[in-house]
Amino acid sequence: MSFEPFSSITSGTIVLSQNNIDTDQIIPARFLTTTSRSGLGKSVFYDWRYDAQGDLRADSVLDAVPPESHQVLVAGANFGCGSSREHAPWALSDFGFRVVISSDIADIFKSNALKNGLLPVEIDNAAHAELLSMPGQDVTVDLEKQIVTYGADRSASFNVEPFARRCLLDGVDPLGHLLNQMDTVQQYESARS
Amino acid sequence: MAKTLFDKLWERHVVVPETEEAPAVLYIDLHLIHEVTSPQAFTVLQERGLKVRRPDLTIGTLDHSTPTLPPDQNGKLPYISAQAEKQVHTLIDNCQEHGIELFGLDDPRRGIVHVIGPELGLTQPGKTIVCGDSHTSTHGAFGALAFGIGTTEVGHVLATQCVLQRKPKTMRIQFDGALPKGSSAKDMALAFIAHIGADGGQGYAIEFAGEAVRALSMEGRMTLCNMSIEAGARSGMVAPDETTFNWLNGRDYAPRDSDWARAVADWRSLCTDEEAVFDKEVQIDVSDLRPMITFGVSPDAAIAVDSDMPHGVDEAARLANEYMQFEEGQSFSKAAVDRVFIGSCTNSRLSDLREAAAIMRGRRVQDGVTALVVPGSEAVRKAAEAENLHEVFLAAGAQWRLPGCSMCIGMNGDQGQPGELVISTSNRNFIGRQGKGVRTVLASPATAAASAVAGHIADPRQFMDQES
Numbered sequence: 001m002s003f004e005p006f007s008s009i010t011s012g013t014i015v016l017s018q019n020n021i022d023t024d025q026i027i028p029a030r031f032l033t034t035t036s037r038s039g040l041g042k043s044v045f046y047d048w049r050y051d052a053q054g055d056l057r058a059d060s061v062l063d064a065v066p067p068e069s070h071q072v073l074v075a076g077a078n079f080g081c082g083s084s085r086e087h088a089p090w091a092l093s094d095f096g097f098r099v100v101i102s103s104d105i106a107d108i109f110k111s112n113a114l115k116n117g118l119l120p121v122e123i124d125n126a127a128h129a130e131l132l133s134m135p136g137q138d139v140t141v142d143l144e145k146q147i148v149t150y151g152a153d154r155s156a157s158f159n160v161e162p163f164a165r166r167c168l169l170d171g172v173d174p175l176g177h178l179l180n181q182m183d184t185v186q187q188y189e190s191a192r193s
Numbered sequence: 194m195a196k197t198l199f200d201k202l203w204e205r206h207v208v209v210p211e212t213e214e215a216p217a218v219l220y221i222d223l224h225l226i227h228e229v230t231s232p233q234a235f236t237v238l239q240e241r242g243l244k245v246r247r248p249d250l251t252i253g254t255l256d257h258s259t260p261t262l263p264p265d266q267n268g269k270l271p272y273i274s275a276q277a278e279k280q281v282h283t284l285i286d287n288c289q290e291h292g293i294e295l296f297g298l299d300d301p302r303r304g305i306v307h308v309i310g311p312e313l314g315l316t317q318p319g320k321t322i323v324c325g326d327s328h329t330s331t332h333g334a335f336g337a338l339a340f341g342i343g344t345t346e347v348g349h350v351l352a353t354q355c356v357l358q359r360k361p362k363t364m365r366i367q368f369d370g371a372l373p374k375g376s377s378a379k380d381m382a383l384a385f386i387a388h389i390g391a392d393g394g395q396g397y398a399i400e401f402a403g404e405a406v407r408a409l410s411m412e413g414r415m416t417l418c419n420m421s422i423e424a425g426a427r428s429g430m431v432a433p434d435e436t437t438f439n440w441l442n443g444r445d446y447a448p449r450d451s452d453w454a455r456a457v458a459d460w461r462s463l464c465t466d467e468e469a470v471f472d473k474e475v476q477i478d479v480s481d482l483r484p485m486i487t488f489g490v491s492p493d494a495a496i497a498v499d500s501d502m503p504h505g506v507d508e509a510a511r512l513a514n515e516y517m518q519f520e521e522g523q524s525f526s527k528a529a530v531d532r533v534f535i536g537s538c539t540n541s542r543l544s545d546l547r548e549a550a551a552i553m554r555g556r557r558v559q560d561g562v563t564a565l566v567v568p569g570s571e572a573v574r575k576a577a578e579a580e581n582l583h584e585v586f587l588a589a590g591a592q593w594r595l596p597g598c599s600m601c602i603g604m605n606g607d608q609g610q611p612g613e614l615v616i617s618t619s620n621r622n623f624i625g626r627q628g629k630g631v632r633t634v635l636a637s638p639a640t641a642a643a644s645a646v647a648g649h650i651a652d653p654r655q656f657m658d659q660e661s
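Protein chains in written order, with my numbering: chain A, 1 to 193; chain B, 194 to 661.
So here's chain B without its partners, still in its complex pose (with noise of 0.2 Å):
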């Protein structure tokens, strides 16, 4: 019988299959692990006697309390309470208990977990992966299933190695033709999201297929995978090609020689069959994609930059429009920027980082306009470095900073004030969630690079077209 490619992945980990009474027990490849989602899981684990069952299986990291600026004089870091440092050290000292890897504070390994695990090659195609965080799905962009679960469930796969889950639908979303100059995987996501809705994914598995998304580089791949979870979809995958081996080739966790040769070979056969059959199936023209921005206080409530305001149609909207304070049919261009932020686990990666600085070169962040660029990790703050992409930024007047969530989740302190409105390459512009009070607009870096130096909406095209 044909199969898609969750199909295949799914049956390769199933330990106990589902029954009408039972959900099935999934075996887990990879469980990432960081602070803010595990600390509850060791308490039952330690209640109960238990062990870890893979160590070797599970790797820890430290980014969403961990602070963004450097250690003082006397090599204390600026942690925002005492709270959010005695939550780092616990993770630091659950991992030790426990004889797990951790990427703690001085490792050149350390970001944002769905930054570091593709980049060290942790993540590959064909594994499970599961972490207390619903932006698992990131990993899904290596033909991996990849999902988020909550801490009870952090605790099982501690135990276990297993989590209990039912299967879920599968949903095929197809991006036909060729992206534009000036659009980019985000807006990919932007757009689809805008196409299903916020719950249009839940209960489904999606993969993300067509012409558009072989085209799309591995950070592109992992920005629109990262993104399904604001469809509703705990996964979102795509299947593993050329690109996909020639990113993973080397990397730390990689397999090697002969070891390498083998698992391409086995990757080759993780795609959906020809014949194969999904529960739904959504088609989508990215022909005359233009860069995306949201306008509301859920990521399905987008649009083309160069819109005007839509009008509300229903007094959700009415209520979304008044906290974001658009008015409606204006130009956004009219809306004037107070924070820009560069960063978190869609978009922090080099090419990322490159596309905002691409149009940051030679130009300055407008007055009053805060601009952060937080590197995903500390690898890719190193390549950022190395390529002085750091000194384009600083140079243009905005701030550089050390990897970590940020302003993505506000956890740390790095947030805006209360009606400010920030442009932000991260994926949730819930209300508050980047500080209490906080208009947030999600669009691309490009699109977050060009607002911030034209200090208001802007299309980035405009700065693309003038390098030309």
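Next up, chain A with everything else stripped away, as it sits in the complex (with noise of 0.2 Å):
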């Protein structure tokens, strides 16, 4: 999968304050038919922003502000618990989200995202409620240095797996760094037969 290398966005926030969001929220598995990658975005939360007739609700968060100018999305506690889909990730970076900040980022979410361009973000629990309480503020995420700030003065510091991290700052390839151990992979298999 190839995306945009990530170092630092400044960018409008969209929150959605529940704790739990899990990935069936994020993408229906009625949406999990398809055998492509691409074009999830405009199925993203479907089921929030679309009412029984099909139509977009008047209410929908997502669909208040533009998306090139909310690039970050603040959620509550345990987001993208459930499935390990990976539509999901690719659902909310096809809407236009680069960033999710929570408090607490779901374990197979967090990989798959991670693996999709999609920075997750875990700050703590203070700055995730202030954070939550200001919707459409602007923040800059520096993933180099690892902190989120908004506001005149206010900052959060968070920490990305090392490797995750330097794949997306530099666009190194995880797949190509397995495939280059391949001789070592190959030394254990005989080593157990």
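Read the hints as simulated data drawn from the structure, not as lab findings.
Please note that the accuracy of each hint is not assured.
To be verified - Straight line, CA to CA, 27 Å or less: simulated DSS-like cross-link-like pairs of lysine-lysine:
| hint | chain 1 | residue 1 | chain 2 | residue 2 |
| --- | --- | --- | --- | --- |
| 1 | A | K145 | B | K360 |
| 2 | B | K362 | B | K279 |
| 3 | B | K575 | B | K269 |
| 4 | B | K527 | A | K42 |
| 5 | A | K42 | B | K629 |
| 6 | B | K527 | B | K374 |
| 7 | B | K196 | B | K360 |
| 8 | B | K360 | B | K473 |
| 9 | B | K473 | B | K201 |
Unchecked claim - Examples of chain A residues toward chain B, derived with CB under 10 Å:
| hint | residue |
| --- | --- |
| 10 | R30 |
| 11 | T33 |
| 12 | R49 |
| 13 | G76 |
| 14 | R85 |
| 15 | P162 |
| 16 | H177 |
| 17 | L179 |
Here a beta-carbon is modelled for each residue, glycine too, at the ideal position from N, C-alpha and C.
Build the complex from these two chains, which are given one at a time in their own frames, with help from the hints.
Shown next, in the form of structure tokens:
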């Protein structure tokens, strides 16, 4: 999967404050019959955004602002729990998000997001609560320094797994990294058989 | 140094140890694939001109998008959409192209990926097992290190037979006491998730231990490990013992003859050393564990079936209550049921169907309730039919379907209608998981069957007492 290398972005936030936003909310299972990775953005959070007739709801938070200027999703704790579907980060990226901020992001989602140029950012509870209360806030997410800054003087640090961070910053390809170690894998296989 | 079961499994599979800069390269012994999370991985292989490195360690099955209703007169399966059918055929084509064994549509070994792996003896103690499916934790019941991965990682495993992994922390959940009659592994699962929370296991590999776990059948252990992910843990495991060995012996892919003895001798070493230290320990006494149900929209919102609806403690709980339409303080037995689903990788094995049939035998599903019984695999279907369990379900007015994931995820069209209350033996009560606007209550097969018969959420023990 190719995506833009990530260093730092400044953008407005969209806030979805619920805890435990699971991947079935992010992309309902009926959209998973696709055999492609692209085009899922229109179905992201489908049941939150569209009414029973398939019309966009007037109160859809995700559609109230232009996605180009709101590339940071701030969500409640345990974001991305549930199914391992990589369609969730595919859909969020395709919609226009580059960053998801929460106090706590589910494991498999985090791993999937990092492989698709969508940066999962886990910050402390106080800063998280603050960002949840300021939808639309411009934030700067700096992956090099691993810091989120917002407002006049507010900031929160975060950690990204070092290898995934390097992949995002330098465009290192994890599959290439694995393929480079095939000799060692072969030795391992021979030693075991 | 004393080691946990997890440490032993991990160490056996490290090809390149982790450093500060890079995760470990971890070798995978068994890669299970299904139609939903694999197509884009094969596309990457094709784009990059890569082959499947070890087709012999890769097994495919069809389960998520497959219909559970039989083919029509022309032999055509009633797919929900052309796209679903295309997805199924994409896996068939990919397996053929790459020389991967596939348990396809007419194969007697086909079934839900987490049911067939164990049932065929592919799942074995000491193995690392991955699948693009979060319920891969199920296979940990055999003392395997098994976890769900995303589609990019499916591609990594296809191309290299390895994944890049950071070593997780370890947690032991000790279940003490003897499980009372009427309660099952599903109730233990819901109890521990309620105890540690939907994110309580995040970053941990869980080992389930204690007297009550030892007493569980393999099916029960699978149910327990299956739901590890509902507490946020990618893997759950149980150390193998005689129950494990007896269950595996003679299965298609299990070692045979002298290999069997050698394997068992090795498997006996797969246990946590007495002095080993876990990053976290949890203790749960099951002596008084009552049948459990969920009342909210996250699996950790679980409570004993004979309790009253709790009061919403915060905004999130109040929103969940509003969606579920249970009134605070009400008895759950006042909640009328529209639909019952007995199936899924959590509870679709023979023992689960027996548990449900024991309640339905000689009784009728309440008028107005639709009950679906979906065996986890063709082998389960055959075994259940050999015991005439299907006759019990059909006589009760339930539907007996073909194997697949069915209403657990609803991808094949098996869904509830908006507003319906569904008692489900599956693993997720997320909003809309079983159909738009559907309210899902998770429960054991016994509780689901009792609710089908009663027409409202019911305590299965009421029906069991009448039998004795």
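Against the structure, the hints come out as follows:
1. A hinted pair counts as satisfied when its Cα atoms are at most 27 Å apart, and K145/A with K360/B qualifies at roughly 24 Å.
2. Taking the CA atoms of K362/B and K279/B, the gap is near 40 Å; set against the 27 Å cutoff, the hint is violated.
3. Taking the CA atoms of K575/B and K269/B, the gap is near 22 Å; set against the 27 Å cutoff, the hint holds.
4. Our distance criterion of 27 Å between C-alpha atoms is broken by K527/B and K42/A, whose separation comes to about 40 Å.
5. The hinted pair formed by K42/A and K629/B meets the criterion: a straight-line CA distance of about 18 Å does not exceed 27 Å.
6. Proposed proximity of K527/B and K374/B is supported: the alpha carbons are some 24 Å apart, at most 27 Å.
7. Proposed proximity of K196/B and K360/B is supported: the alpha carbons are some 14 Å apart, at most 27 Å.
8. Between K360/B and K473/B, the direct Cα distance comes to roughly 15 Å. Compliance with the 27 Å bound is thereby established for this hinted pair.
9. Of the supplied pair hints, the one linking K473/B and K201/B holds, its CA atoms being roughly 18 Å apart against a limit of 27 Å.
10. Taken as an interface hint, R30/A checks out: its beta carbon lies about 7 Å from the nearest beta carbon of chain B, inside 10 Å.
11. Evaluation of the T33/A hint against chain B yields a held restraint, the C-beta minimum of about 4 Å falling below 10 Å.
12. At about 13 Å, the closest approach between the beta carbon of R49/A and any beta carbon in chain B exceeds 10 Å, and the interface hint on this residue is violated.
13. Interface hint at G76/A: satisfied, since its Cβ lies 8 Å from the closest Cβ of chain B, which is below the 10 Å cut-off.
14. Contact between R85/A and chain B, as hinted, is supported at the beta carbon level, the nearest pair being about 7 Å apart and thus within 10 Å.
15. With its C-beta approaching chain B no nearer than about 6 Å, P162/A sits inside the 10 Å limit, and its interface hint holds.
16. Because the smallest distance between the Cβ of H177/A and any Cβ of chain B comes to about 7 Å, under 10 Å, the interface hint for this residue holds.
17. Hint status for L179/A: holds, given a least beta-carbon distance of 6 Å to chain B, under 10 Å.
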